[in-house]
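One line per chain: the protein sequences are P and Y, in this order. Take 124 as the starting number for the first sequence in the numbering used here and just add one per residue. Take 382 as the starting number for the second sequence in the numbering used here and just add one per residue.
If you're looking for bench data, these hints aren't it; they were derived computationally from the structure. Some clues are possibly wrong.
Selected chain P positions facing chain Y (in silico; Cβ < 10 Å) [what the hints assert, rightly or not]:
no., residue
1, Met337
2, Ile341
3, Leu344
4, Ser436
5, Leu437
6, Arg439
7, Gly441
8, Ser443
9, Gly445
10, Gly446
11, Val450
12, Ala451
13, Lys454
14, Pro458
Derived DSS-like pairs: lysine-lysine, alpha-carbon spacing no greater than 30 Å straight-line [claimed, not checked]:
no., chain 1, residue 1, chain 2, residue 2
15, P, Lys454, Y, Lys498
16, Y, Lys499, P, Lys454
17, P, Lys454, Y, Lys502
18, Y, Lys406, P, Lys454
19, Y, Lys393, Y, Lys460
20, P, Lys199, P, Lys294
21, P, Lys454, Y, Lys493
22, Y, Lys552, Y, Lys493
23, Y, Lys742, Y, Lys655
24, Y, Lys406, P, Lys351
25, P, Lys203, P, Lys300
26, Y, Lys563, P, Lys431
27, P, Lys351, Y, Lys393
28, P, Lys294, P, Lys195
29, P, Lys144, P, Lys184
30, Y, Lys552, Y, Lys386
31, Y, Lys490, P, Lys454
32, P, Lys300, P, Lys247
33, P, Lys225, P, Lys261
Example chain Y residues on the side facing chain P (calculated, C-beta under 7 Å, incomplete) [claimed, not checked]:
no., residue
34, Phe438
35, Pro458
36, His459
37, Met465
38, Phe484
39, Val488
Virtual Cβ for every residue (Gly too), placed ideally from N, Cα, C.
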Amino acid sequence: MSSETKQILTTDGIPLEVSLKKAERRNKIKAFLLVAPLLLFLIITYVFPIGEMLMRSVDDKMVTEMLPKTFKAMEKWDGKELPEEEVFAAFHEDFLKLVEEKREGKLSTQLNYTKNGFKSIIKKLRRKSKNFEEGNYKEQIMAVHKRWADVEYWNAIKQRAPAITGQKYLKGMDMYKNETGKIVSVSEDRRIHRILWLRTLEIAFFVTLFCFLMAYPIAHLLATLPMKYSNLLMICVLLPFWTSLLVRTASWMILLQQQGIVNDFFVGIGLVADDARPEMMYNKTGTYVAMTQILLPFMVLPLYSVMKTISPSLMRAGKSLGGTPIVAFWKVYFPLTIPGIGAGCLLCFILAIGYYITPALVGGASGTLISNQIAFHMKSTLDWSFASAMGLMLLAGVLAIYWVYNKLVGIDNIKLG
Amino acid sequence: MALKKDFVKFDKVDKSYDGKILVVKDLQLDIEEGEFVTMLGPSGSGKTTCLMMLAGFETPTHGEIYLDGRAISSIPPHKRGIGMVFQNYALFPHMTVYENLAFPLRVRKIPKDEADKKIDKALSMVSLQGFADRMPGQLSGGQQQRVAVARSLVFDPQLVLMDEPLGALDKNLRESMQYEIKHIHESIGVTVVYVTHDQSEALTMSNRIAVFNDGKVQQLSSPDELYEKPVNSFVAEFIGENNTFAGEVTDISGGKCKVKVANSEILANPISVKGKGEKTKISLRPERALINPSDKMDNIYSGKIEEVIYHGDHTRVRINLLGNNEFILKVPNSSANMDIKLGKDIKIGWNSEDARALDPK
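If we strip away everything but chain P, and leave its shape as in the complex, we get (with noise of 0.2 Å):
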C-alpha cells in the first residue's frame, strides 16, 4: 500500500467523509437548537451584564467629555508646574458651558472622587466666575481659591483625561495613582478595603471550616442509616434550605441578641452573669453562626453524594485486613470521599465570599464583607464604577480560587451530585 492515505467512497460514488458529515449535520443542528436557550439565556443574563459591569468599571468618558478643550491644551504640559495660561483659557470656556448647561455639579461630584476638596472650590468658581473679565483667566481662576494655584489639583484633573481608567481598581485595594503618576497606598487610617478583603477571605475561610466539620458526620449518617431513617434525616437537612434567606437570617437575630433566648440560657444555667450577657451578634460571631447554617446544606449534599457510593464492603475489609477502625476510615473512608470534600467547600467558600444579606443583618460594623461595601457604593454614594470594579475583583478572586482548586486537586475530581 502507498503511503498517502486513499479516499474511501460510498456506494453511491460520494467521499466517505463528506457523506458523513452530511449525515451529522442534522444531529449537530438538532443538539445546537436544543442547547440554544440556555446559550441566548447565558449570553442575556450573564455574559452581558458582567461585559457591561468591565466597562463600567473602567469607563472614564465623563471628565473627558465635560472637559474636551482642557484636554487637548493639557496635552504639552508636563505637570511640574502650573499650566500656562492656554490651558486655563480653555478651562474656562468648558467651564461656562457646563455652568449653562447645569453640569457643574457633576464635574465636581467627579473631580472629587480623584481628589478631596474639588467640591467647594468649584462652587465658589461659578460664582466667581460670573464676574470674570476677558483674557489673563489663569491670573483670575488662581485668586478665586489657593487651590486653583495648587499645581496638584491641576494634576488631579489632568488624571481624569483617558476615557478609560484602571483607578478604581486601585481605589478597591486601598490604593492610587498620585499627582506625579505613581501607584501608591491610601495613608493607614484611610485603608478600608483591604481589611474588608481580608476579612472577607477569613470568614469564607472559617465558615466552610465550619460547614465541613458539621456536614461530614452528618452526611456519613445520612449515607448509612437505612432509607426511611436518612429520608427523615435529609428532610431535616432541607428544611432550613426551604424557609426563606431572610426568615432564618431573622430568627438568628432573635436568638443571638443580648436578650435573645440563647443569652437567656446561658444565663439561666450560670454560665454568664446577667449584667455581663456576651454580644454574639452585630459582629463576626453573628455572622459565622448564621451563616453557617446557611450554608450546610450545601456541603451536606456534595459530601452525601459522594458518601453513598462508598460501597460500606470497603470499611468492612479495611478492619478484616487489620485496621482499627480510625485506620480504616482514615486510609480507606477519607481518601475516597476527597471528591465530595473538594466540591462542598469550593461551593461553600464561593457562596460565603460573595455573601451578603446575612452579614448585613447579623454582622455589624465588624462583621460585614466585601459584597456589602459593593451594595454600599450601588446603593448609598451612586459611584456605580466603583461597585462594578470591586465585583470584578470578586469574581476574579472566585475565578483564582477555582484555578487553584484546579492545580491542587484536579477539577475532575469534584463532584457535585
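Since chain P is already given, all that's left is putting chain Y on it; use the hints.
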C-alpha cells in the same frame, strides 16, 4: 503438628436481627484446621450471617464462637486476624494493587522489605506478577477477584472467609477461578470458610459442605456423601437432580422397607422412617435408575416416555412412572439405547439401596 478438629467452633449460636425471627437457630458447627468448608444454601438461609458473625461484623444473639480455642465474640474484627474476600471484591479503588496488598502488612507494622517479599509471593500465587502498579479500575473482574484473594492471604491468616466471591464473574471465568482457589487452598493449607448458593461450586471446591436452610445446618458432610446419601428431603432436592415418590410405609424389616406408592409397593432404604404407617418421600438420583434393567434389581416398573431431550453425550428422558409425571432418567448416548422414542412404554429398574426413604416434608 496435629490438626485441630474444632479450629472454628460455633457453639449453640442464635442470631436474630429484629427480636422476632431467628435467622440462625442453635447452630452447632465444628470446622477442622486446614479444611475447606462451604456454607451452601438458598438466599435467606442464614449462611452469610454466620460468616459475618465469624468475621466480627455481626454479634451472635446467643451462644459463642471459638477460633483456635478462643472465644471471639468480644474481639473486634480487626483483631481477629481473619482474611476475608467480599462479594464485590471490596478492593480499595484509590490504591494500586501493591498498596491494596500492602495495607494489611502496613497496619501490622511489617518492615518494607519483608512486606515486599510477601506481596510478590501473594501476587505470583494468583499469577498477577507485573500488575502491582495498576489501579483496581484498570483490571478485569477476574483479575480484581484474584487481587482480592491475594490480599486476604498476604498477611498469612489462619482462616480465610469468602462470601460468594465468584458471584459477579461469568460462567467460564467462575469455573477456572474455582480450581484456582482450590489449588491455592491445597498448596498453603489455610482453613477456608466459603459461602455460596451455587451447588456445583460447592461440590467442586469443598472438603465438607454445610447445607443451610431455615437458619439450621441440614447436613454437614463431604460432597460425595451429600450427593449420594442425603439425610433429608431438603438436601436431596437442593443438591443435584432428584426423583421423588411420596408414599406410606407398609412394612419395614431387614434394612429394607416397603412403601406404598400409587398402587404398587416400592422397596426402599429406610433412612428416616422408623415404623409402619409413616408418611415418607423416596428420593432416587436419576442416574441410579436404568432402562432395560437386569433381573438382579429389586425394583422394576414400567412407564411411558413423555418427553425426550437431546443433550449430546446423554439424553434426558421424562417418564410417567407410578403416577409421577416428572420422573427423569439420564440415558447415555450409546448405540444400545437407540430405541427411546416418545410415547413408548419402557422398563425401568433400580436397587432398593439407592431409593432413600426420607422425611415426608
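Hint validity - Val450/P Cβ closer than 10 Å to any chain Y Cβ: 6 Å, holds
Proposed proximity, Lys300/P with Lys203/P (alpha carbon, max 30 Å): 16 Å, holds
30 Å limit on alpha-carbon distance, applied to hinted pair Lys552/Y and Lys493/Y: Status violated; Cα separation ~38 Å.
Hint consistency between Lys406/Y and Lys454/P [alpha-carbon to alpha-carbon, up to 30 Å]: 37 Å, violated
Interface hint status, Ala451/P versus chain Y (Cβ within 10 Å): Holds, because the Cβ-Cβ distance from Ala451/P to chain Y comes to roughly 7 Å (cut-off 10 Å).
Evaluation of the interface hint that places Gly441/P against chain Y, nearest CB under 10 Å: 7 Å, holds
Satisfaction of hint between Lys460/Y and Lys393/Y, Cα-Cα up to 30 Å: 23 Å, holds
Interface hint status, Ser436/P versus chain Y (Cβ within 10 Å): Result: holds, 4 Å to nearest chain Y Cβ.
Pair hint Lys454/P and Lys498/Y, alpha-carbon separation not exceeding 30 Å: With Cα atoms ~23 Å apart, Lys454/P and Lys498/Y stay inside 30 Å; holds.
Given hint Gly446/P near chain Y, where the shortest CB pair must fall under 10 Å: 5 Å, holds
Interface hint outcome for Arg439/P [beta carbon to chain Y under 10 Å]: Hint holds; Arg439/P Cβ to chain Y Cβ min 6 Å, cut 10 Å.
Cut-off 7 Å, beta-carbon criterion: hint that Pro458/Y touches chain P: It holds, given that the least Cβ distance between Pro458/Y and chain P is near 4 Å, below 7 Å.
When held up to the earlier numbered hints, the structure conflicts with 1, 2, 3, 18, 22, 26, 27, 29, 30 and fits the remainder.
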